[in-house]
Every structure is written in C-alpha cells, then in structure tokens.
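Chemist: These are the residues of each chain, in order.
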Amino acid sequence: MMIQYILRRILTSIPVLFGILLVTFALARLIPGDPCRAILGEKATDAVCDRFIREKGLDKPIMTQFGIYIGEIARGDFGNSIRYSLPVTRLLEERLPTTVELSFAALLIAMLVGIPLGVISAVKHNSWVDVVTMIWANTGVSMPVFWLGLMLAYVFSLLLKDTPFWLPPSGRVSPGIPDDPFFEVWKLTLPETGFVTTLCNFISRLNILNALLTGNWELLKDSIQHLILPAVALGTIPMALIARMARSSMLDVLGQDYIRTARAKGLKNGRVIVKHAFRNSLLPLVTVIGLSLGSLLGGAVLTETIFGLSGVGRILYDAITARDYGIVQAFTVVIAVFFVALNLLVDISYAYLDPRIRLD
Amino acid sequence: MDQENKLQTLDAEGLSLKSVSLWQVTWRRLFRRRSAVIGMVILGVMVLIALTAQWIAPYDPLKVLIGVEDVKRREPPCIHLLGCPADKPQHIAGIDGNVRDEFSRLLYGTRLSLMVGFSTVTFAIIIGTVLGALSGYFGGWIDNIIMRTMDVLLAFPSLLLAIAIVTVLGPGLINALLAIGIVSIPSYARVVRASVLSVREMDYVSATRALGGSNMQILFRRILPNALTPLIVQGTLGIATAILDAAALSFLGLGAQPPTPEWGSMLGSERNQVFTAPHLVFLPGFAIMLTVLAFNLLGDGLRDALDPRLAHVS
Numbered sequence: 001m002m003i004q005y006i007l008r009r010i011l012t013s014i015p016v017l018f019g020i021l022l023v024t025f026a027l028a029r030l031i032p033g034d035p036c037r038a039i040l041g042e043k044a045t046d047a048v049c050d051r052f053i054r055e056k057g058l059d060k061p062i063m064t065q066f067g068i069y070i071g072e073i074a075r076g077d078f079g080n081s082i083r084y085s086l087p088v089t090r091l092l093e094e095r096l097p098t099t100v101e102l103s104f105a106a107l108l109i110a111m112l113v114g115i116p117l118g119v120i121s122a123v124k125h126n127s128w129v130d131v132v133t134m135i136w137a138n139t140g141v142s143m144p145v146f147w148l149g150l151m152l153a154y155v156f157s158l159l160l161k162d163t164p165f166w167l168p169p170s171g172r173v174s175p176g177i178p179d180d181p182f183f184e185v186w187k188l189t190l191p192e193t194g195f196v197t198t199l200c201n202f203i204s205r206l207n208i209l210n211a212l213l214t215g216n217w218e219l220l221k222d223s224i225q226h227l228i229l230p231a232v233a234l235g236t237i238p239m240a241l242i243a244r245m246a247r248s249s250m251l252d253v254l255g256q257d258y259i260r261t262a263r264a265k266g267l268k269n270g271r272v273i274v275k276h277a278f279r280n281s282l283l284p285l286v287t288v289i290g291l292s293l294g295s296l297l298g299g300a301v302l303t304e305t306i307f308g309l310s311g312v313g314r315i316l317y318d319a320i321t322a323r324d325y326g327i328v329q330a331f332t333v334v335i336a337v338f339f340v341a342l343n344l345l346v347d348i349s350y351a352y353l354d355p356r357i358r359l360d
Numbered sequence: 001m002d003q004e005n006k007l008q009t010l011d012a013e014g015l016s017l018k019s020v021s022l023w024q025v026t027w028r029r030l031f032r033r034r035s036a037v038i039g040m041v042i043l044g045v046m047v048l049i050a051l052t053a054q055w056i057a058p059y060d061p062l063k064v065l066i067g068v069e070d071v072k073r074r075e076p077p078c079i080h081l082l083g084c085p086a087d088k089p090q091h092i093a094g095i096d097g098n099v100r101d102e103f104s105r106l107l108y109g110t111r112l113s114l115m116v117g118f119s120t121v122t123f124a125i126i127i128g129t130v131l132g133a134l135s136g137y138f139g140g141w142i143d144n145i146i147m148r149t150m151d152v153l154l155a156f157p158s159l160l161l162a163i164a165i166v167t168v169l170g171p172g173l174i175n176a177l178l179a180i181g182i183v184s185i186p187s188y189a190r191v192v193r194a195s196v197l198s199v200r201e202m203d204y205v206s207a208t209r210a211l212g213g214s215n216m217q218i219l220f221r222r223i224l225p226n227a228l229t230p231l232i233v234q235g236t237l238g239i240a241t242a243i244l245d246a247a248a249l250s251f252l253g254l255g256a257q258p259p260t261p262e263w264g265s266m267l268g269s270e271r272n273q274v275f276t277a278p279h280l281v282f283l284p285g286f287a288i289m290l291t292v293l294a295f296n297l298l299g300d301g302l303r304d305a306l307d308p309r310l311a312h313v314s
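Going down the list, the protein sequences come from chains A and B. The first sequence: position 15 = 15 (my numbering), numbered continuously. The second sequence: position 161 = 161 (my numbering), numbered continuously.
Take these hints with a grain of salt, some might be off.
No farther apart than 35 angstroms at their CA atoms in a straight line, the calculated lysine-lysine pairs in the DSBU-like style are these [stated by the list, open to error]: (1) A/LYS124 / A/LYS265; (2) A/LYS221 / A/LYS43; (3) A/LYS43 / A/LYS187; (4) A/LYS124 / B/LYS72; (5) A/LYS221 / A/LYS161; (6) B/LYS72 / A/LYS161.
Derived by calculation from the structure, the hints in this document are not laboratory data. If you're wondering where the values come from, they're calculated on a predicted model, not measured in any experiment.
Only chain B is shown next, with the shape it has when bound in the complex (with noise of 0.2 angstroms):
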C-alpha cells in the first residue's frame, strides 16, 4: 500500500488507521495491471466456456454428421454473417477430418484443457509441498535424499521425462497428467523448501515449539502459510506449462486418445492437413495459446502484486 492511499484513509475514518489485509492489496494493484486484466478476462470467459460448453455448442462434439446435414469433410468455416449461403448449415469453424463440428469440440476442449491444468498443478503442489516441507523442516539426510531425487528429475528436460514416463504407463489422458504432475514436482517442492528455511529459526516458530506445539502443527500452521505466496505465483505459471506440455503430449498421441475433444490432439490429427485444411490446425492451436497466454499474463501479475519489494511502485 502507498503512502497517499493510508492517508485518505486516515482523513476518512478520522484517526482510526484502517488496516488492509494482504490479499486486498494484492487484489487491488492486481486490477492496476493491465497484462494481468486481460489475463483475468480471457480465463474469465474461458471457465465460462468451460462450464456452459453443453448449452452453447451447437453440436454434439462427438457426433459424426455424415447423412445428418451436407456437409464434406473438412470443409472450411461457413458462417451465415460473412456470406455463407443462408440454405447451408452453419459451421464456425468448419468441419474436422471425421465430419464433425469443429467449433463444438473446441468448446468442448476448453473443459479439458482447464482441468488439465488444475489437475496437474494441485497434484504436483500437495506432493512437492509435502517433500518440500519435510524437507525444509527436518534437513539432514531426510533434505539430502529428497532434493537430490529432485535434481535428477530436473536433470531431464521436462518434454523428454514426460515423454519417457507415459511410454512406460501407457498412452492416454490420465497417464500423461501424472507425468506431466510428476516431472512438476521438483519447483514447487524447492520453492516450499526455500520458503521454509527462511522462517523456520524465527522466533515466532521457537515461541510456538517452546507452547508445546507439535511438529505437525509448528509446520502447517506456523510455517506453511509463509509458502503460500510463491506458491500461487509458481502454480499460475506452472498451469500455463503443464497446459503445453498436455497438448504437446497429446499432439504426439501420448495423451488424450481420439475421438476426445482435446486441442493437442485434434491438432495433431489433422497436422497432415495442414496446407488442405489450414482452419484445422490454426484453430485448436490457437486456441492453445490463448489459455497459456492468458495463464502466463496472469502469472506474471500476481508475482508483481504479491511481491513486497515493489510495494512502493503500485
């Protein structure tokens, strides 16, 4: 909070300082940003998509439309307002390599695409701040075993350990979510760690231990909450990657199996297409981006807003 705002406040309420609570702060020079409010927005409309998607799509995403209307494989978007022919049916998208709606299932992927990210980012948060946590909290051989299996896995660059943990699972969505979560473990237990060590000789941890508190409870109560910061920073960000990383997956066929509406995979099997039936490949892809860029936009503001060595440039 600046200076100016504390004042009005004062001049408001008399000589009562009204007291601000982290997360207000945190909203308000969140809404100054504007990179973070286009962020906000598009993940905005996205959940909506997400939640409405069997209302709006025009189309069943899984229903092949061969003898329902005429239509021909991919056939390229028709939309009524830019100079279709009113007498043929209209598709906004146009018509993918098994003669469905293309436009419904992108809706439809926004559900998964959303859940993808929430799934991986929350398994890989509640495993890493678990590891990070003991150990931050015990150290010796406890930190030393488990942050060197960290290592190794940073060692791999992401893609490839993904990669390598779904051919041994076996292909499909559920299997590359748990890799993906896996090979996301290692940040946010290190940033866990890091956040514990900061705090864990602090006074307030000794007088709590010195009350009579348990390991337990010094942990999750006392020193935990000070992690809660960098880990929403890293979690936003980190769906971002993790929704990349999914579509990449399935693009190769690694994750989500046809007929399932999921970008990566419609892209990846229409790539072949691509100089026949461009609006194929450029819509899922897009579509792709948009939900990652809008992650990223909103990542990158929460690190500035919670971040209190800018306090004063808000």
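Just chain A, same shape as in the assembly (with noise of 0.2 angstroms):
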C-alpha cells in the first residue's frame, strides 16, 4: 500500500518536473536581446557569437532547442559560468554545503522552539505564555528576513562586544583555524572524479559535521558561532509559522472525545498530551514545516547575502547582478527540483502518519 503510493506521488511529480524545466527554459529565452551575448557577454565578437549559436543548437526550432535542453539536464550538464568560467555543477558541490548547512540549522532551530512554543501554548490556552508566544509569533511572520539579520548582527555583534555573547557578524569559520577535511585527516585516497569523491567532498564542506567527524573541536565552535545568527534570522519565520500551527492543532485535538476519556480513566495530564493529542496534533505540522521549506531556501538567498556567506543564495544573488543566466538558470532549476523533492518527502511522511490518506 505505502510503495503503491510512494511510486504514484514519484509519477505525479514527474509533469511538475518537466513544467519547471519547460518555465525556466522559457525565461532563459525571454530574456530581451541576444542570447549569446547575454551567456558570453557583452563584448564577445560576432564570429564567437556564430559558433556559439551554432554549437549551442540555438539556430533550431525551439522545440528541438527544448530538446537539447533536456537532454542536456538529464546528462547532468548545465552549462557553465562565465564569471568563474567554471561548470555550474562545480560552483554548485562547492556552495551546496553552505546553503543545506544553514537551512538545516534554521528548521532544527524552528522545530526546536516553535513546536514545544506552540504546545504549551495550547495546553496552557489563554495564559500568560500564550498571550506572549501568540504576539512574538504574529510579529516573527511578519519581520522581513534582511531585516533582523541585520538587526541581530548589530545586537550580537557590536552592542555584545567584549561580553560572552558576541557572534562573529559574518563568514562560516574564523581566519586560521584548521578544517582539514575528514577524508585528509583519516588517510583515505580518493579516485580523481566519480560520485563517491563528490560525496565526499560535500560531506568535508558541511564544517560542523566534518569537525564532528574528525574530532575537531576548534573547528566545531567556530562554526557553531557563526551558524547562530544567519540560523535564527532564517529560522525565525518557520519558528513562528510552526509555533502558531502547533497551537491551533493542538488545541484542536485536546477538545477531542477521546482526550476526555483518556483524562476520565486516570491518565496523568502530562502523559495524555504526549502521547494522546501531541502525535495527533503532528500531521498538520509537517504540512507547515514542508511549506516552509520553500520560504526557507527563498531566504537563504537574503540571509547569504547579508552575513557574507558564499552559499548557493549568494551565488545566486551574485549572479543576478552581474547578469549571468547561466547560473541564475541552472541554479532555479536544481532549487525547484529539491523543493518538489521535499514536498514529495513532505507527502510520504503525511501518508505515513496519516494511512487514511494512502487510500485515496
């Protein structure tokens, strides 16, 4: 049952694919004037301009350059950067880590405080915590993610200065310290290219969990400290959005029959909101928490931005200003396609938690 529906949500996701690289392959074509200067730039000469457009199939029906397209994502090839004239799929090995580091971080620190935030709130309806949970959440929806970056950069690390709490305002690690990666420091030899030294060297780039790895301590703290604040300034709209759903569905089960009848057999209180409302209360959450996903990596690009952080957000924004599509093509696309990943994950959980749905 479960496989039956995992494989039908794959199938279903599969138009939506194509939908996004059919979008994002028009935008690259909308862009006004032409399109081999636009990828080459400005001063490239007519006859580069020729044997590109001819190499780049751009001279054919734009069905057959659809095709091309395709075939070109499919084999993974997508393009290259003309301001680092490097493969996009290079650049994007390189600052994956930071993005999924920091959006990681940003989500654990939502779901850490939002939720038990949003249950107590709940089970202490009308109090003074809910009052307060209730005006802090309302006001987190509602601050512009750039904004209290900024402003949190200048609380931590100016007004702080000099006291236990000051946060480096921007940066992953400090300047000097070691982060040799695991693969290094264990003695492992890898092949030159091929999936497993990608692997490997996404997994050395994410800092905290190669210091964790190679027991680097140093590393770890200093990574940590500059994590915190991009991490809570993208963190905070999730958090709030995840606080207000937890209440609201929380409160929605505890006014349930069977939460009176567990109370009328004995049950203690705390045990009845563990284990009789909050994992009922659980299925709309991960709704929220997979919407916010999307919010999430829209963010990255400003949070990025503002602590200097040379993630995919960065490189994207970076790209926007210096007008090289190549990048700000390929990167919508593999973004797009991670989005509909986790919404695809997002449903399977929902199907998991919830098996009525399987049967639809």
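Join the two chains, each given in its own frame, into one complex according to the hints.
Modeler: Okay, structure coming up:
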C-alpha cells in the first residue's frame, strides 16, 4: 500500500518537473537581447557568437532547442558560468553545503523552539505564556528576513562586543582555524573524479559534520558560533509559523472526546498530552514544516547576502547582479527540483503518519 | 450570530426577528477581536499617513540637504524634545546616506508599500479568479491545463521565482510588482476553483440554467459570490506576503530603484552602514514589519470572523 502510494506520488511529480524545465527554459529564452551576448558577455565578437549559436543549437527550431536542453540537464550538464569560468555543477558542489548547513540549522531551531512553544501555549490556553507566544509569533511572521539578520548582527556583534555573548557578523569560519577535510585526516585516497569523491567533498564542506568526523573541536565551536545568527534570522519565520500551527492543531485535538476519555480513565495529564494529543496534532505540523522549506530556500538568498556566506543563495544573487544567466537558470532548476523532492518527502511522511491518505 | 443577541432583538422588536446580513455579523465579530482591532488601527494610521504624506512630511523626500541645512551624512536622529540642541534642525529619524530627511522618506514609503500590496494582490486576484473559475466550472482538459500550470508555479519557492522573473523583465518597481503578482496567482486560482466546485452542482445553479441563464451569468452571479469570503481572507494575508516580497526584491536591488523612497530599497542601500548608522536600517525595516503585521492581524481576524464553523464562539 505504502509503496504503491510512493510510486504514484513520484509519477505525479514528473509533469511538474517537466513544467519546471519548461518555465526555466522559457525564462532564459525570454531574456531580452541576443542570447549569445547574454551568456558570453557584451564583448563577444560576431565570429564567436556565430560559433556559439551553432554549437548550442540556438539556430534550430524552439522545440528542438528544448529537447537539447532537457538532454543536457538529464546528463547533469548545467552549462558554464561566465563569471567563474567553471561548470555550474562544480559551483554547486562547492556552494551547496553552506546552504544545506544553514537551512538545516534554521529548520532545527525553528522546530526545537516552535513546537514546544506552540504545545505549551495550547495546553496553557489563554495564560500569559500563550499571549506572549502568540504576540511573538505574529511579529515573527511579519519580520523581513534581511532586517532581522542585520539587527541581530548589530546587537550581537556590536552592542555585545567584549561580552561572552558576542557572535561573529559574517563568514563561516574565522581565518586560521584548520578545517582539513575528514578524508585527509583519515588518510583515505579518493579517485580523481566520480560520485564517491563528489560526495566526500560535499560532506567535508559541511563544516559541523566535518568537525565532528575529525574530532576538530576548535572548528566545531567556531562554525557553530558563525552559524547561530544566520540560522536564527532564517529560522524565525518558520519558527513562528510552526508555533502557530502547533498551537491551533493541539487546541483542536485537546477538544476531542477521546482526550476527555483518556483523562476520565485517570491517565496523568503529561501522558495524555504527549501520547494522545501531541501525536495526533503532528499531521498539520508536517505540512507547515514542508511549506516553510520554500520560504527557507528563498530566505537563504537574503540571509547569505547579509552574513557574507558563499552559499547557493549568495551566488544566485551575485549572478543576478552580474547578469550571469547560466547560473540563474541552473540554480533555479536545482532549487525547484530540490523543493519538489522535499514536498514529495513531506507527502510521504504525511501518508506514513495518517494511513487514511494512502487509500485515496 | 449567537442566540442571546437574537433573543434580545426579538424582545426589543416584539415578535419580528430582525435579519442581520453576513457583513454586519462579520463586522461585529471583527471588532470583538483585539488583534484584528489592533491591525485595523495600525492600517488606519498607515492609510492616513499615505494620503497626507505631502502635508505632514517636514521635507521633500528627494531633496538633498547639502548647503540647505547644517547636517552631515547619516547623522543620527535629532529630536528637540529629547534634548537635541534647539539650534540644530530637527530630524526625528536622522539623515540618510545622501543627506535627505529619513523621516519624510519613511512617510512617503507608506504610500508605496500600500500601493505595492494592493496592486499586486488585485492583479493576482483578477487573474486567479478568472483561471480558477474557468478551471472549476468547465473541468476537463481546461481544468487540467490550468491547474497543472499552477502546480508548476507553486513548485518554485515564491521569492526565487519572482527573482527569476525580474531577471528576465529587468529590475524596476513595476516589473517587481508584476513578478510578485504572477507568483501569487496560484493560491487565488485554487481558492476560487475550490468554491466553484463546491457549488457547481447545487440546485440553485441548475435552476438558473433551467431558466435559461448563460454560462457567464451563472458563473458571475450565482457561483463566484461564494468565493468572495475566502478570497477576502486570502487577499488580506496575501497583501502581507506581497509587501514582504516586494521589500526583499527592492533590498536586493531588483525592485524600486533609488532615489525612490521605498522601505526595502532604503534599507538595502544602507545595509553596510548597519554598525555606523543603525537608525537607517532599523527604521525602514520596522516600518515594513509594522505594515505586514497589521495585514496579518487583520487577515487572521477576518478568517475567524468569516468562518461559519466558529459562529458559536463569537
């Protein structure tokens, strides 16, 4: 049953993926002006442009071009960046870990703070805890991410300077801290290219994970210090959304008859809340968490710009200002595909939590 | 409406029961919610500021004060009541990076922010309603094409799609508005489609058809009014998101261009000065937050007030 459901969901996301490619393809073709100079830069000569247009198949009918584009994507060829003169995939491999680490930390903070706050305000409905949480949650969803980030940097890096609460305003690690990748510390020999090498490189760039793997506590402390402010800035909106949803869904469940039954048969309050109520209020929460992933990815562009992190969001921003369309197109595809995959995971966990959904 | 009120009307008016319209009920419920009232008050003030900006602003928002007054770049706020020497000109929000009065710029920014919110959402509601109505009413392949397109639009994180669209259209306030409008169409299309589907087969609709009503008549006079309440709620909350996204685009330099007094762009152009001139970052951001908060509070209040399932609560 479950496997069937998963397969069906994967099949239904194929048209969406196709649509994503169509949209990004169309966007790239809609860029005003000559596509060659948009990609190779203003200074490209006519001869270079002619060759480029022939090579890229830009003189072929539009449907053929779309076919070529899909073929390239399927082979994992996202083209090159003019600014960095590197394949976009290389850039992705270098920059994605920063964004993954940041989004993961933000989501973790959002869940660890948001869920308990929501549950407590539901249990203590109308108490001062509830009122304060809701005021805070309403303000939280209304804050511009970039403003919150800058204000956090101002408070923690400037006002709290020379106190133990000082936090660095930008970057991922302080200069001079060794961050040897785990495969070098473990003296592993990796092949030149290939999936394993890419994976190992990727993991070694997740600073916190790498620090844990190599037992490099100095790096661990430093990376966490650098991660706190951006993660809090990015995590605040999802945190507020999660707290609100946890509260309303918990309130909903606490009003149900079976909760009264559980109380009537003499169960302890804590047990009723955790075992009976909380588990059943999880379902809407999963949806909200899934939906906030989208705002997280969008917010990463802003957060990384503010905190000087060279992640996917930052590079996307730089690419936009430098009109490096290759990167904009490729990263939009990658992020959208990533987003679809996450939504798929959310749906599957939804079906796992609520067996009724599988039967639809 | 609750029982008590009905009884009271009954007592007062003898035996005739006074009928109360949905909007009257909604208003009453809305006024009973503290958060919704706070939202409405903030918005009222904002609208007032927006309408009277040219009279209440002490300076021209675009006027560079070099040579006009003795002020320096990025000077902190100077308020006479709070001990700023009386011989200095008063600038209650300080001076910005181009030696302009920040307070006047903030006031004018209200105008732009409200305009951004209303225009994008109006655009998205009109297109979304047409698409959702066609989709729900006609079903079949029309429904399939429209809704799958909406799915694709929803597959992108909204801010990123807006960024991509602005990249194509070119930076600028109008293009940013268009981009935000486009990315918010799907949610309205879904809302309208759902309400169309829920009443399409009802007897009163069939009755209109039997009486010879055209498709357009049925759609606009019989079916779409049902979508009004969810659209109002979605629209109010949508304005909040639109203002946030527009500010983000302007912050990134893709929306309103300097010297336009737009909060996001004012904040963006001073973001590297956060340590030296924090007021230039704090104030525009705070203004954005306040506006967005007001729309969120009002939207939540409207949702509760318009929800018939909560009728007994009020």
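Chemist: For each hint given before, does the structure comply? Return the numbers of the non-compliant ones in rising order.
Modeler: 2, 3 and 4
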